[in-house]
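*Asks:* Residues per chain are reported as follows:
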Amino acid sequence: DGGITQSPKYLFRKEGQNVTLSCEQNLNHDAMYWYRQDPGQGLRLIYYSQIVNDFQKGDIAEGYSVSREKKESFPLTVTSAQKNPTAFYLCASSGVEGGTGETQYFGPGTRLLVL
Amino acid sequence: GQNIDQPTEMTATEGAIVQINCTYQTSGFNGLFWYQQHAGEAPTFLSYNVLDGLEEKGRFSSFLSRSKGYSYLLLKELQMKDSASYLCAVRGSTDKLIFGTGTRLQVFP
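Quick mapping for you: the protein sequence lines, in order, are chains A and B.
All residue numbers for the first sequence refer to our numbering, where the first residue is 1 and numbers rise by one.
All residue numbers for the second sequence refer to our numbering, where the first residue is 116 and numbers rise by one.
The following block holds chain A by itself, in its conformation from the complex (with noise of 0.2 Å):
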């Protein structure tokens, strides 16, 4: 089965520790993305990438990073530079489809906790 899946599911972080949060495609998608989503707001872009070796900052990517060194995977790491790293992470996927414009497929999500 084609699909994006995000490890783990549920993932706690100490203070001044860096988290790093998978998200793996099958899909043979060219663009892959990260997102965060808080209560009360939508979703908003930490990072994308088109294409392999290569990445752009998002609207929040201060203390975030990421790679991009295989079609498949796109890793985001959450930094102790992020101080407000509690919330659902989301990576999504996306390619040109039966003219569907290149929609966006999301994985599972990550939820991040702060101890």
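I should point out that these hints are in silico values taken from the structure, not numbers from a laboratory.
For clarity, every value in this text was computed on a predicted model and none was experimentally measured.
The reader is advised that the hints may include incorrect statements.
As the list claims (entries may be wrong) - Simulated pairs of lysine to aspartate or glutamate, EDC-like, Cα-Cα distance not exceeding 16 Å:
1) B:K211 - A:D30
2) B:K191 - B:E129
3) A:K9 - B:E156
4) A:K70 - A:D30
5) B:K211 - A:E102
6) B:K172 - B:E192
7) A:K71 - A:E24
8) A:K83 - A:E62
9) A:K83 - A:D38
10) A:K71 - A:D54
11) B:K196 - B:E156
12) B:K191 - B:E171
13) A:K83 - A:E15
14) B:K211 - A:D59
15) A:K57 - B:D210
Knowing the structure of chain A, use the given hints to seat chain B on it.
*Replies:* Frame of chain A, contents of chain B only:
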């Protein structure tokens, strides 16, 4: 600036029809998307509009008027499982998606 507005909450009765509105002001327009998101889960794609008019997909339809910066999602024959948040998102000139805050729909028996 860029802005997408949708009502925060709506309620409806099982079997009824509900219309969720979305108005947008963005730099450029390259399509409008509707997603459904159940609590604690990821958004799932519902519909895409890039030209004016109505797109129908089963019980769900989506309408777009580019001149008015307006879209709506129409849900017919409501079922309890339709209780969810509905997200409106616009792709602007930068090809990035801009999301509204979502409309939480509660369906009552």
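*Asks:* All hints, please: hold or fail.
*Replies:* Quick rundown of the hints versus the structure:
Note on B:K211 and A:D30: the hinted pairing holds, with a Cα-Cα distance of about 14 Å set against a maximum of 16 Å. Note on B:K191 and B:E129: the hinted pairing holds, with a Cα-Cα distance of about 10 Å set against a maximum of 16 Å. Restraint check for A:K9 and B:E156: satisfied, since their Cα atoms lie roughly 11 Å apart, inside the 16 Å limit. The hinted pair formed by A:K70 and A:D30 meets the criterion: a straight-line CA distance of about 10 Å does not exceed 16 Å.
At most 16 Å may separate the alpha-carbon atoms for a hinted pair to count; B:K211 and A:E102 meet this at roughly 11 Å. Taking the CA atoms of B:K172 and B:E192, the gap is about 13 Å. The hint holds against a cut of 16 Å. For the hint linking A:K71 to A:E24, the alpha-carbon distance of about 9 Å falls within 16 Å, and the restraint holds. The suggested pairing of A:K83 with A:E62 holds, with an alpha-carbon distance near 10 Å, which does not exceed 16 Å.
The hinted pair formed by A:K83 and A:D38 meets the criterion: a straight-line CA distance of about 14 Å does not exceed 16 Å. About 11 Å separates the Cα atoms of A:K71 and A:D54, which keeps this hinted pair within 16 Å; it holds. Note on B:K196 and B:E156: the hinted pairing holds, with a Cα-Cα distance of about 14 Å set against a maximum of 16 Å. Restraint check for B:K191 and B:E171: satisfied, since their Cα atoms lie roughly 11 Å apart, inside the 16 Å limit.
Proposed proximity of A:K83 and A:E15 is supported: the alpha carbons are some 9 Å apart, at most 16 Å. Pair hint B:K211 plus A:D59 holds up; C-alpha atoms about 10 Å apart against a cutoff of 16 Å. With a C-alpha separation of about 14 Å, the suggested pair A:K57 and B:D210 falls inside the 16 Å cut-off, and the hint holds.
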